[in-house]
Each structure stands twice: as C-alpha cells, then as structure tokens.
Amino acid sequence: EAGVAQSPRYKIIEKRQSVAFWCNPISGHATLYWYQQILGQGPKLLIQFQNNGVVDDSQLPKDRFSAERLKGVDSTLKIQPAKLEDSAVYLCASSFGIRRWTGELFFGEGSRLTVL
Amino acid sequence: QQQVKQSPQSLIVQKGGISIINCAYENTAFDYFPWYQQFPGKGPALLIAIRPDVSEKKEGRFTISFNKSAKQFSLHIMDSQPGDSATYFCAASNMGSARQLTFGSGTQLTVLP
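So the protein sequences, as listed, match chains L and V.
When you line the first sequence up against the numbering used here, it's residues 385 to 500, in that order.
When you line the second sequence up against the numbering used here, it's residues 6 to 118, in that order.
Think of the hints as simulated: they come from the structure by calculation, not from any bench.
Check the hints yourself; a few may be wrong.
Stated by the list, open to error - Capping the alpha-carbon separation at 27 Å, the derived lysine-lysine pairs in BS3-like fashion look like this:
#, chain 1, residue 1, chain 2, residue 2
1, L, 428, V, 76
2, V, 47, L, 467
3, V, 47, L, 395
4, V, 76, L, 462
5, V, 10, L, 428
6, L, 428, V, 47
7, L, 428, V, 73
8, L, 399, V, 47
Stated by the list, open to error - Computed far set for chain L versus chain V, every beta-carbon distance over 10 Å:
#, residue
9, 404
10, 412
11, 415
12, 439
13, 465
14, 471
Said to hold, decoys possible - According to the in silico footprint, chain L covers these stretches of chain V (three or more CB under 8 Å from chain L):
#, stretch
15, 44–55
16, 62–68
The beta-carbon is built from N, C-alpha and C at its ideal position, and this holds for glycine as well.
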C-alpha cells in the first residue's frame, strides 16, 4: 500500500516569496492533516480536513497560510508571503475518517522549507 | 492546543541499557496516548500506544507506563540498540472529539555501540 506522498521534498525561497506544498494521502483516508515541525520541536497542527471540509484551522496563520482539499483527496498548503520564521518541515498526515479513527496518523516524509 | 510536556530533550544511552522518556499532560479529556518514532528525513511513525484503562502496555522491547492520577506517561526501551537512535515524540488525543494529536517537543535518543 502506498504511503502519504508529499512534494517538493525541499524548497528554498527568499522572504516575502510564495510557496506551495502538495500532499496525496493514503487511499481511502478521509482525514488529512498539515503539521508544521520547526527544528527541535514537535509537530504542530496547522489544519485538519475531513473529506473536503475543514475540521480545525484554529492554529493556521490565515494572513499568510492557506490550504485546500478540493476533491477530498489531494491537498495543497500555500504560504504567501513567507517569513523567516516559516522555515520548518511541513508534514502531511492522513487517517481513517471520524467513524473509523483508530488514533493512528500516517505521515509523509515532509517538505523542508528554508526561507532566506 | 492543550500542552503535552516531554523530557528529557536529549538522551544518550549505552547499547543494552534502558532508555526512559517522560511526558505529562494537562487535559483530563485526553484518552489516547501514543508514542511516535522519527528517523532523520522521515515522517513520524507510530511506535506504541496506550489507553488510560490500563497502567502498562508492552510490545517487544518497548513499554508504556501510564499514571492517570499524576497525568503522566513514559516510554521505556529495554536493551536499547543503536538502531533505536531516533527522535521520539509522545502525543495525546481525545478519541471522542477532534481526532487529532497534540505532540510533545521530542527527545533525541542516541544509543552508543
């Protein structure tokens, strides 16, 4: 079974530029999460989708971050404009939907962003 | 998000020794406590998890000890091996509501050969 796919793996941009990350979850997983992992810290939830609806985006900096999951499968996370403090690994994870949630999240390998 | 506090930040253990990582939580609604293991360049992966109806769960060399009254839980790695060298994250969730995990800050474990 294919795992969670993310791209690009690495991205270097100048501050105030924009960047987009893509995620393809495990087939059949209704719930998709974007986490931000700053070096030396634990993953911090940015946004959670159930199918194509947002469940929780309370910690998403909405003035610069946006995310969508239009068809309930793939998702895109965008940052515009980027700040130095956005340098982090952006992890996408998926899980079974609310009715079948086992507590386990399946993570992709992440997209490492460096903002200069 | 409710906090999950993890310690130590880093840990160095000799091969064959016992590694112990501790976590404490605040939210009494949490009812699922997993540990995730992360190797460099990879995403975290579930290692072992416990529900609060038991005080201990063992899977091979990995054991979770859970103290509900103290709101603490810990991961014990017996007979630690160099291949166990990784970053370990504790996490917590309320299974009945948001279906999301709140992670601790991580412990970088190094097992010396």
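Hint-by-hint comparison with the structure:
1. L:428 <-> V:76: holds (21 Å)
2. V:47 <-> L:467: holds (24 Å)
3. V:47 <-> L:395: At roughly 16 Å apart (the allowed maximum being 27 Å), residue 395 of chain L and residue 47 of chain V satisfy the hint.
4. V:76 <-> L:462: violated (37 Å)
5. V:10 <-> L:428: holds (13 Å)
6. L:428 <-> V:47: Roughly 16 Å separates the two Cα atoms, so the pair holds.
7. L:428 <-> V:73: Given pair residue 428 of chain L, residue 73 of chain V holds - Cα atoms ~24 Å apart, limit 27 Å.
8. L:399 <-> V:47: Judged against 27 Å, a Cα distance of about 26 Å means the pair holds.
9. 404: holds (19 Å)
10. 412: holds (16 Å)
11. 415: violated (6 Å)
12. 439: violated (7 Å)
13. 465: For residue 465 of chain L, whose nearest Cβ neighbour in chain V is about 26 Å away, the distance exceeds 10 Å, so it holds.
14. 471: holds (16 Å)
15. 44–55: This one holds; 7 residues, not fewer than the three required, reach chain L with a Cβ under 8 Å.
16. 62–68: violated (count 0)
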